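S.K.: Here is how the chains run, residue by residue.
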Amino acid sequence: MIKYLNPSYIFNLTGKILNLVKFFIIPIVIVGIIFSLFLSPEDYIQGDAVRIMYVHVPAAWISLLCFGTLSLLCIINFIFKIKSMSLVFKSLAPIGLTFNIIAILTGSLWGQPTWGTWWEWDARLTSMLILMFFYIAFILSYKFIKDPINSSKISTLISLAGLINLVIIKYSVIWWSTLHQPASVNLAGETTIHISMLIPLSVMLLAFLLYSALIFLMKYRIETIRVKRKGLK
Amino acid sequence: MLNIKTKNRILIFLSIFVLSIILTIFLLKTLRNNVLYFYSPSEVSKSDENSLKNNIRLGGMVKPGSVETDNNEIKFIITDYQKEIIVIYQGTVPALFAEGKGVVAEGKLQDKKFFLAKRILAKHDENYMPPGLKESMNQNVK
Chain Z
-10 MIKYLNPSYI
0 FNLTGKILNL
10 VKFFIIPIVI
20 VGIIFSLFLS
30 PEDYIQGDAV
40 RIMYVHVPAA
50 WISLLCFGTL
60 SLLCIINFIF
70 KIKSMSLVFK
80 SLAPIGLTFN
90 IIAILTGSLW
100 GQPTWGTWWE
110 WDARLTSMLI
120 LMFFYIAFIL
130 SYKFIKDPIN
140 SSKISTLISL
150 AGLINLVIIK
160 YSVIWWSTLH
170 QPASVNLAGE
180 TTIHISMLIP
190 LSVMLLAFLL
200 YSALIFLMKY
210 RIETIRVKRK
220 GLK
Chain X
243 MLNIKTKNRI
253 LIFLSIFVLS
263 IILTIFLLKT
273 LRNNVLYFYS
283 PSEVSKSDEN
293 SLKNNIRLGG
303 MVKPGSVETD
313 NNEIKFIITD
323 YQKEIIVIYQ
333 GTVPALFAEG
343 KGVVAEGKLQ
353 DKKFFLAKRI
363 LAKHDENYMP
373 PGLKESMNQN
383 VK
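Protein sequences, first through last, are from chains Z and X. For the first sequence, the numbering used here gives the first residue as -10, with consecutive numbering after it. For the second sequence, the numbering used here gives the first residue as 243, with consecutive numbering after it.
You may find that some hints are simply not true.
Over the 10 angstroms line for every Cβ pair with chain Z, so calculated as not near, a few chain X residues [claimed, not checked]: (1) D290; (2) I316; (3) T321; (4) P373.
Restricting the straight-line Cα-Cα distance to at most 20 angstroms, the calculated cross-link-like pairs of lysine to any residue (SDA-like) are [said to hold, decoys possible]: (5) X:K325 to Z:S166; (6) Z:K70 to X:L244; (7) Z:K219 to Z:S73; (8) X:K249 to Z:K159; (9) X:K249 to Z:S166; (10) Z:K159 to X:T266; (11) X:K271 to Z:T115; (12) Z:K159 to X:L273.
Keep in mind that the hints were calculated from the coordinates and are not lab data. These figures come from a predicted structure and were not determined experimentally. Just so it is clear, CB atoms sit at the ideal spot from N, CA and C, and this is done for glycine as well.
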C-alpha cells in the first residue's frame, strides 16, 4: 500500500500512462471529427446545428466529472490528510473549468439558432454558471491562500457546496420547468438519440476524456517536480 | 484502526454535510416559484389573477392545427393537454417553432384564456434523429 503512495513510484507510472495517452489521442480525435462533421446525419428539425452537441455534451459531462472527483478527493484529503492528494485536485480544477466554459459557450451558440436566444436564466443554465463560479473560487482558494492547512479547509468547503450544486444541475431539468431539454442519454432508462448520432458522441467523449487525461498527467507531473524543487516532499 | 483526530474530522465533515443538505432543501423550497422558468396553462388557471399581472413566461405544446398567420401577426394555442391558452404575437418566430412542438412565450396575460406575447422561444425536446427516419416513422403512424 505504502509503495503505491510513494511520489516517485507515481511519477514513473504517470510517465508510462502519458505515453500511452499520447499514442492514442490523435487517431481518436481525427476519427471523432470525421464522424461528427461528415459521417453523422443532420437532425430532422435542427439541421446541422446538431453537430454542436458533439462538443457541448462531452464538455459538460467532463466538467461535472472533474468537479465530482475533485470534491471526493478534497473530502478524503480533509479526513485522512494525504499530502499528494492536493496535487491531484490542483491539476484537475483548471481542466474542469475549461470544459465548463466550453459547454456554456457552445450551448449559447446552439441556443441562438434553435431556441432563438443566446442566454436565458433557466435552472440548468444558471446552475451551470454557478458551477463555473465554484471552479473559480476553488482555484483562487489554493492560489491565494498560502497556508496549506487553511487553504485545504476552505477549498474543501467550496467543493462540498459545489457537490450539492452538481446534484441540482443533474436534476434541474426534472424538478423544474426549464428551457433546456431533459437528458437524452440515460444509463438506466431509454436513450433518445439515434444510434448514428450516438456513435460520434461516444467517440468525441473518448477524445475529450483522453485530452483531459493528457493535460491532467502533464500538469500533475509539473506540480510534482515543483514540490520536489522546493524540498517540501 | 482510525485515530481520534481522524474520527473527529469524519464527524466534522458529516455534520457540515448534513447541515448543508438541510439548508439547500430549505433554500430550494423557498425559491421554488422563482426557479420555474415558465408556467404551464394548468398552473396559470389554478393561480390567482394578482400573481400573474407582471410579465410571465408561458410554456407548453403548440396545439397542432391551431397556428394562424395574418400579416406579421401569429396566433396559436399553447396546450399542456389539460388546459389551453390562446397566444397572439407580432414578429418573427424561431426556426424551430412548429405545430406539435414545445414553445415558451414571454409576455402578459390579458385574462386566463388570452396571452399577449412579446417574445417567442422554441423549446427543443430530448429526441435526436436523422430526417429519413422521422419520415418513415410518420408513414408507419399513418
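S.K.: Quick one, are K159 of chain Z and L273 of chain X close enough, alpha carbons at most 20 angstroms?
M.R.: holds (18 angstroms)
S.K.: For the pair supplied as a hint, K249 of chain X and K159 of chain Z, is the alpha-carbon distance within the 20 angstroms limit?
M.R.: Violated, because 32 angstroms separates the two Cα atoms, which is more than 20 angstroms.
S.K.: Straight-line Cα separation of K219 of chain Z and S73 of chain Z no greater than 20 angstroms?
M.R.: holds (14 angstroms)
S.K.: CA of K325 of chain X to CA of S166 of chain Z, is that 20 angstroms or under?
M.R.: Status holds; Cα separation ~17 angstroms.
S.K.: Going by Cβ atoms, does P373 of chain X stay more than 10 angstroms from chain Z at every point?
M.R.: It is violated; P373 of chain X is separated from chain Z by about 4 angstroms at its closest Cβ, not greater than 10 angstroms.
S.K.: Since T321 of chain X was said not to touch the interface, does its Cβ keep a gap of more than 10 angstroms from each Cβ of chain Z?
M.R.: Non-interface label stands for T321 of chain X: nearest chain Z Cβ at 15 angstroms, farther than 10 angstroms.
S.K.: Is the straight-line distance between the alpha-carbon of K159 of chain Z and that of T266 of chain X 20 angstroms or less?
M.R.: holds (15 angstroms)
S.K.: Holds or violated: K70 of chain Z with L244 of chain X, Cα cutoff 20 angstroms?
M.R.: Holds: K70 of chain Z and L244 of chain X sit about 12 angstroms apart, inside 20 angstroms.
S.K.: Is K271 of chain X close enough to T115 of chain Z, meaning Cα to Cα at most 20 angstroms?
M.R.: Holds, at roughly 17 angstroms.
S.K.: Hey, is D290 of chain X genuinely clear of chain Z, shortest beta carbon separation above 10 angstroms?
M.R.: holds (19 angstroms)
S.K.: Does S166 of chain Z sit within 20 angstroms of K249 of chain X, going by the straight-line distance between their CA atoms?
M.R.: violated (42 angstroms)
S.K.: Does the no-contact call for I316 of chain X survive, Cβ to all of chain Z over 10 angstroms?
M.R.: Fine: 14 angstroms to the nearest Cβ keeps I316 of chain X off the interface.
Comparing the model with each earlier hint shows violations of hints 4, 8, 9; every other hint is respected.
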